[in-house]
Amino acid sequence: MRLPTQWLGVAPFFIFAIMFLILPTLYLMLGAFQNDAGEFTLENIAALAQPSIVAAYWISIKVSLASSLIGAFAGLAIAIAIVRGGLPDWIRSATLTFSGVASNFAGVPLAFAFLATLGRLGLATVILNTVFGLNIYAHGFNILSFWGLTLTYVYFQIPLMVVIIVPAIDGLKKEWGEAAATLGATMSQYWRMVVIPVIWPSFLGTVILLFANAFGAIATAYALTGSSLNIVPILLYAQIRGDVLHNAHLGYAIAFGMIVITGLANVFYIWFRTRSERWLK
Amino acid sequence: MKSGKFWAWLVFALGAAYFFIPLIATVEFSMRMRRGEYSFDAYKVVLGDARFQATFGYSVLAAVFTIILGVLIVVPAAYWIRLRLPQLRPIVEFITLLPLVIPAIVIVFGYIRMYGSNSPLPFLATDTGTNALLVIGYATLALPYMYRAVDTGLRTIDVRTLTEAAQILGAGWGTIITRVILPNVLIAVLSGAFLTFAIVIGEFTMASLLNRPAFGPYLQNIGANRAYEPAALAIIAFAITWGCMSLIQILSRFAPKSANRPN
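Protein chains in written order, with the working numbering: chain X, 1 to 281; chain E, 1 to 263.
Just so you know, not all the hints are guaranteed correct.
What the hints assert, rightly or not - Have a look at the derived ranges for each label pair, beta carbon to beta carbon: (1) X:Ser-52 with E:Leu-10: 27 to 33 angstroms; (2) X:Arg-120 with E:Thr-178: 53 to 59 angstroms; (3) X:Asn-247 with E:Trp-9: 52 to 58 angstroms; (4) X:Asn-35 with E:Trp-173: 29 to 35 angstroms; (5) E:Gly-116 with X:Asn-35: 16 to 22 angstroms; (6) X:Ala-185 with E:Trp-9: 22 to 28 angstroms; (7) X:Ser-52 with E:Ile-91: 38 to 44 angstroms; (8) E:Lys-5 with X:Thr-182: 20 to 26 angstroms; (9) E:Ala-17 with X:Met-193: 50 to 56 angstroms; (10) X:Asn-135 with E:Trp-9: 30 to 36 angstroms; (11) E:Ala-171 with X:Trp-176: 48 to 54 angstroms; (12) X:His-246 with E:Leu-10: 51 to 57 angstroms; (13) X:Ala-55 with E:Pro-183: 50 to 56 angstroms; (14) X:Arg-241 with E:Ser-39: 35 to 41 angstroms.
To be verified - Which bits of chain X does chain E cover? Going by a derived footprint, with three or more residues having C-beta under 8 angstroms, they are: (15) 52-64; (16) 86-94; (17) 102-112; (18) 194-202; (19) 219-229.
To be clear, the hints were calculated from the coordinates, so they are not data collected in a lab.
Yeah, the Cβ is synthetic: ideal placement off N, Cα and C, and Gly gets one too.
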């Protein structure tokens, strides 16, 4: 019998993963298709269609999409600037270091930082009002709103994009630019026909990763807005704490919906990733 | 080319403004506690708060246990896959990516339903059990980072030769892992450990739903009830994250670059 010793080294990992990652998730996913008596039903999934839950999913998707797209394009611009823009070397390494920190600076403290900046008494709000005469709150801005939350999420989305996309831009070979130039390509042709097609898959893949990243996040939003902005994780949080929907299995269905959305996002991510790896060896 | 450089500077300047203004504003706000002048009062109040010390201590302890648990699970598995079971690599990599797919709130929701007081494994029936479940939850959150760090570390050493050499000298599996493999990947493990620390120290969702007296829920509570202390806490948290990331950078300078490095 060789089998037991063969598997001994990986056994703790698999036992851990099954007990504390896979089974709890499966338990919720199955629970989403059961009623209180344990019989199979689609009622819980159908119940997701009630307006308050649909609204929560919709605002979550909007915030995640907006923050991931803004974060992605801004992050790409910064990455191109520091890799290809001819800036001094220290700027590149300082930006990368800072990005490593800022991409992990999320959760409750990030919300505090933005309240201190763009809250009613925040420094930026006050300076805009006293120096530039622009009262952003009078113009409908509120940190406790869709745009407030999006602007806050962008703070960890941009650095994450920079950290992931810089290696992809580094992977653009100098020879490709020279070859294009030799063949008489203009700068815009080189970008349009070489750079963008090569970077595109990793860019799109990262956008999706950023989307999933924002979609599951709760701490920042909860500390920033309390429960005034009804995104899905906050709804689920309230449901776990106090069964606000008065139906335990509906909570399972909400969790199931979240896994479906982040799961789909990650399937696309892996697909784009394998496509981009063909070029960036 | 001149205009390209101008655009690069402009983009960089805009980015720097977006990232530094909130930090400056937070520092400024945290020092406004005393009327009419800047002071470090908010920091004194926060650092002197008994609940700050208690919750921070609790989270540091939770982070240490998380790191130990993570190392115990990940190092043998990653080592064994390199040595004997390369065919399992895709499965293990897929599993280590799952915590990025399944939101933390869903994982902890599953725990609450599966390991409640009436279940066969009643983790939540006792305080110790709930603490253990929190550490377990944190270990799942850290799994993607820990695995990647350790696997990268293992790639730079020749696992097979080292293992065979140790076996010829009469070492058992315990000795091989603790005295041959672990010292060789120590820097990678430490990188994973500091990243884990940065993730765990202010974690809110799991600690809050498991009702643990951790730093994350304390932060949230202060945020809901105080004016200037949250800004001071944000700066402290930023400094901790910065410290962890700097330690990782410093450590990476000591890491071996490849297995075939000429000595």
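Results for each hint:
no.	hint	verdict
1	X:Ser-52 with E:Leu-10: 27 to 33 angstroms	violated, 44 angstroms
2	X:Arg-120 with E:Thr-178: 53 to 59 angstroms	holds, 56 angstroms
3	X:Asn-247 with E:Trp-9: 52 to 58 angstroms	holds, 56 angstroms
4	X:Asn-35 with E:Trp-173: 29 to 35 angstroms	violated, 49 angstroms
5	E:Gly-116 with X:Asn-35: 16 to 22 angstroms	holds, 19 angstroms
6	X:Ala-185 with E:Trp-9: 22 to 28 angstroms	holds, 26 angstroms
7	X:Ser-52 with E:Ile-91: 38 to 44 angstroms	holds, 39 angstroms
8	E:Lys-5 with X:Thr-182: 20 to 26 angstroms	holds, 24 angstroms
9	E:Ala-17 with X:Met-193: 50 to 56 angstroms	violated, 34 angstroms
10	X:Asn-135 with E:Trp-9: 30 to 36 angstroms	holds, 31 angstroms
11	E:Ala-171 with X:Trp-176: 48 to 54 angstroms	holds, 50 angstroms
12	X:His-246 with E:Leu-10: 51 to 57 angstroms	holds, 54 angstroms
13	X:Ala-55 with E:Pro-183: 50 to 56 angstroms	holds, 55 angstroms
14	X:Arg-241 with E:Ser-39: 35 to 41 angstroms	holds, 38 angstroms
15	52-64	violated (count 0)
16	86-94	holds (count 3)
17	102-112	holds (count 9)
18	194-202	violated (count 0)
19	219-229	holds (count 4)
Checked against the numbered hints above, the structure breaks hints 1, 4, 9, 15 and 18 and satisfies the rest.
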